[in-house]
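Q: Take a look at the letters that make up each chain.
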Amino acid sequence: MTDDLEPTGASEGTVAHEPIGDPGLPEHQWRPTDVDADLERRAERQVSTLFGLGALLFLGFCVAYFTVDADQTFLGWNGQNFALGATFGGGLLLIGVGIIQWAKKLMGDHEIVEERHPSASSDEDRTAVMIDVNAGLNESGIARRPMIRNSLLLSLGALGLPVIVALRDLGPLPHDQRRTVWKKGMRVVNDVSGTPIKPEQLQVGQLVNAEPAILFEEDADGERVLHGTEALQVKSKAAVIVVRMRPEDITPSKGRENWGVDGILCYSKICTHVGCPISLWEQQTHHLLCPCHQSTFDLADNGKVIFGPAHRPLPQLPLGVDSEGYLIAMSDFPEIVAPSYPELARDQKKLDKNS
Amino acid sequence: MRKLSTRRRHPLAGLVVLLLGLVVAGGLYAAFAPRAATAEEASARDVEAGRQLFLIGCASCHGKNAEGITTKSGGNYGPSLIGVGAAAVDFQVGTGRMPMANAGPQAPRKDPEYTAEETKQLAAYVASLAPGPSVPESEYTDYKAATTEEIREGGEFFRTNCTACHNSVGAGGALPNGRYAPSLKGVSAKHIYEAMLTGPQQMPLFSDEVITPEDKRNVIAYIKSVQDQPTPGIAGGSVGPVSEGMFTFLIGMGGLVGVAVWIGAHGARVKKRSS
Amino acid sequence: MTTEYTDIEKTPVGKKMAGPVEWLDDRLGLAGAGKKLMPVRKVFPEHWSFMLGEIALWSFIVLLATGVYLTFWFQPSMAETVYNGPYKPLNGLEMSQAYSSTLDISFGVRGGLLMRQVHHWAAMLFVAAMVVHMLRVFFTGAYRKPREVNWLIGLGLLTLGLVEGFAGYSLPDDLLSGTGLRFVDGLIRSIPLVGSYLEFFIFGGEFPGNEIIPRLYMAHILLIPALLLGLIGAHMLLLVYQKHTQWPGPGRTEKNVVGYPLLPVYAAKAGGFFFVVFGFTALMGAMIQINPIWAYGPYNPSEVTAGSQPDWYMGFVEGAVRVMPNWELTFLNYTWSLNVFIPGVLLMGVLFTALGAWPFVESWITGDKREHHLLERPRNAPVRTAFGVAGMTMYAVFWIGGGNDIIATKFHLSLNAITWFVRIGWIVLPVIAFIVTKRICIGLQRADANRILHGYETGIIERTPDGSYSERHAPLPVANQFVLTSHDRLPVLEAPAEEDANGVAAPGSRGARLRAKARSFYYDGAVDKPTTHDVEHAAEHLGDHDGHPVPLGEDFQGVSETGIPRSHL
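Protein chains in written order, with our numbering: chain A, 1 to 355; chain B, 1001 to 1275; chain C, 2001 to 2569.
It is worth saying that the hints were derived from the structure and are not from the lab.
We put the beta carbon where it would ideally sit given N, CA and C, even for glycine.
Careful, some of the hints might be misleading.
To be verified - Restricting the straight-line Cα-Cα distance to at most 25 Å, the calculated cross-link-like pairs of lysine to aspartate or glutamate (DMTMM-like) are:
no. : chain 1 : residue 1 : chain 2 : residue 2
1   : B       : K1271     : A       : E111
2   : C       : K2243     : A       : E111
3   : C       : K2088     : A       : D69
4   : C       : K2088     : B       : E1048
5   : B       : K1072     : A       : D69
6   : C       : K2042     : A       : D69
Said to hold, decoys possible - Simulated coverage check for chain C against chain A, where a stretch passes if three residues somewhere in it have a Cβ under 8 Å from a Cβ of chain A:
no. : segment
7   : 2162-2176
8   : 2186-2192
9   : 2262-2269
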């Protein structure tokens, strides 16, 4: 481009056009500590005192380490944390302030001018290096032997394949994203205690944070069948909330009329946005709010999204009652729970076909 | 014992056992079931005093007989209090939420308008209208009696059922349209219990059948024990990354930039060096 | 140049050093290397704003030191264990070893809690200082040639810093960090076409799996710190090679650098600042609580706490995710979660691409291919400054979105109202900020020109014989005038030639036209500095004006150019 502002040697020429000429570095001015020996000694004492206090604080740290117990408090704070931090941090701060004060008051104070050089290499350097590079390249013959060059490039490119392929076992291929552990007949149990729930135990306006009964099943030795991360994986898809509303407030969509039991409905607890567990249920408005990104669902209206970034309604779990009168699931979720993923639309079609 | 064993085949033995079973079950039920506060239990004097207080302070919104007042659009001006029980009254009036000072998204906690005695009388009156949850027994609000294991279990219930709205140290949180889950700091064990039991305002209720009275006591014990933990320094009003980010900039960057300004500052100068 | 020196045996650092120093120099050629790479008297200009990057550097050192300490106890494992330790409310609870060992560090190791808090505060400050440093570089135009590469390296450092911080936030496996991981799981899933595969590979199966914490640990303590160290080294080397920029001032030119030598003053000040930063973060760790993981409890996918937020530097992404409309569509039989992908993944990509491209875009617009070592005052580049402030405004609006629940509870506002404010504000407020900032810059440029031509106000009121009052103006000291005028003159804007001499459309004329438009936008409204002619004739021009500068004698007792009465100087 012709109108680029190129670097020119004429910048000296432009100086003449500057309205104000450079007055040059101002005359050096002395600090009080440079001219007054008393002040100088005072500054010296000051800096030494800072260093000395620092040393004392570090000693104090050691004393506090062995004398201040974890349960001691200070201003209602954790006393040990405060004692250790205050001595350690205080000591460091004093050293730092001391060094800086030393530099400011006592070290040399004359500003120095250093010339800059252009960042680019000099022409001689460029020429010399290029001569060497050319010589080297010529000796390698890389330009004359395209077959070698191209095959090398080919093999180096192919090296990328094993690098990528070797990462394959980082994890299994996606599977079972559309399914949870819920199935017909599985009891809906209270989270934490694992007790099954009867409809008559719920009052209008009640919320139960619940889980599938399988999470609390125990084997012959009294050990949980599912535990550790396996249990977390199950929970991260199968956690539910059970709420009871007045039946007349509920407007079930077609096909969902019998999914509840006397106004008791069960929804996935996992937000369809990015998967936070949601249980902020307003019993009077029947709205359910996600505390992470504020998606709001209307549980009286089939879990419809009424605010926020979530797109899909909250999946509902069809409820029934077993022979002993406890709440059970009538099937797995007919809709996919947890955040959306690329194959969701396809998986949903499969679910619809099976039902 | 012999006598008993010889008579166990008596034609009436089955009936006796059945009766015994029923009596034991009924007795156990009476002992453990939530006691519905009825008019017989509270003294009639309390009920009458409560009714007088109610007519003056509450009836304008809740109706003369506490049957509630509906607005023209069908909404609630003041909801019916029939069947809400003494626990709801004790919570609403005891925490100052009722009577409401002014209309708003929700009734805030404030200093109570009524004395403890008056609150009791109001509760007795409302409880006399229909059975409802009563004020909890002191054994379920005595959180100090909870063992370490019970506190831990209470913590699990708390994190599962409560923290989503009330925050993990009970600092409170936001709900839609200006409503909020209030802070649990400084709330008495009785009021926390009553809130769980009755589900005030938008809060869902947690009945004693699902979250047992012992569970509730443990939840309270956990809240109190967490709030009693000494914090390692200023906790910033609430716990969380928002206040931490604020401290990062206000105190951290503010302080260190201040030091940088001090380092870069030219101190006092004098004109000449006196030699 | 003097060649006299004191032999090392006779220097104050000690006779004992002589042997080892000579031994080393015999083998390593330290003197030669030092002279070339890092002269001990290398000059650094002094200004507080040049120390912002240092805060980041020193926080990084603090992070390395405290981080090493924490690794002595931390167990990066998701294996199940039962906690039995001094923190009673969680006693007997099943949890991962990562969480239980973090509890042990907090309650079982004396000083462990302090180190955790210092580590976390230093991390917050590390990113904060990088951002503030970058803003300083941006607003002063310090990224211009020859420093574009260092700008890009700095951007790389910031990106890595965000990832590093997030990994650290996730390691303790508490409820908050697990909620953050769940969020990231949702982000990964939302990546079109390959989301599910990435999720299963990264987490080693379905969320949360067994692998994510060991993997993040490796990244957090090895991979990313190594990359950070390398990039920091390159950042510093380039700084030394190119020498620091400096503010314009008397005696300071594009061809020199004026300041204090590395040894002793700069080394002392920088070294002292390290101790200050370490001490400061330690005091913060002693007195301000951060990330109380014991209060959150162990991670459980069916639990969450109100007020779940990422650390501040991810707050803008969080805000964008919160206020995004709920768009999701099905296309080509795939689900496209735009509601998550756009704000969660794309936004950061766009932000960092824009930041990386800016030096090159600006240089293309201005056509400036010269080296710059003198900084530009923000007012003298009004459009750049306005863009910067607009960007900061957008960032801040998203921040508000990220904290909307906390703001709603603390200020008794409606959550939904704040969300709508952000939905509209993120686009409207930056535009307003741009316009306002540009006007302020131009106003300041005018004020500068005015101070050169009219001098400064002395506070002395004169009454003329006919009774009118005026304030006496005095000329600014030459040094101040020089500072105000040492920047580029505005270029003369010309429309690009559409056709060459033969009437043929000029090659690339479309690009040239675009560039001409961009250039006229870039310089639109900016006020040029006075010309030599203006200055020389200021007095004549303003002869009748009551504000012309009058030189004042030594005994003048009004205010100085800084507004302080002379008698107090």
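Q: Take the hints in turn and mark each one as holding or not.
A: Hint check results:
1. Taking the CA atoms of K1271/B and E111/A, the gap is near 16 Å; set against the 25 Å cutoff, the hint holds.
2. Taking the CA atoms of K2243/C and E111/A, the gap is near 16 Å; set against the 25 Å cutoff, the hint holds.
3. Restraint check for K2088/C and D69/A: satisfied, since their Cα atoms lie roughly 16 Å apart, inside the 25 Å limit.
4. Note on K2088/C and E1048/B: the hinted pairing is violated, with a Cα-Cα distance of about 48 Å set against a maximum of 25 Å.
5. At roughly 65 Å between alpha-carbon atoms, K1072/B and D69/A are farther apart than 25 Å, so this suggested pair is violated.
6. Between K2042/C and D69/A, the direct Cα distance comes to roughly 49 Å. Violation of the 25 Å bound is thereby established for this hinted pair.
7. Only residues whose beta carbon comes within less than 8 Å of a beta carbon in chain A count, and the segment 2162-2176 of chain C has 0; fewer than three means the coverage is violated.
8. Counting residues of the segment 2186-2192 of chain C whose beta carbon lies closer than 8 Å to any beta carbon of chain A gives 6, which meets the minimum of three for the stated coverage.
9. Coverage of a stretch by a chain is defined here by at least three residues with a beta carbon nearer than 8 Å to that chain's beta carbons; for the segment 2262-2269 of chain C and chain A the count is 4, and the condition holds.
Consistency with the previously given hints fails for numbers 4, 5, 6, 7, ordered from lowest to highest.
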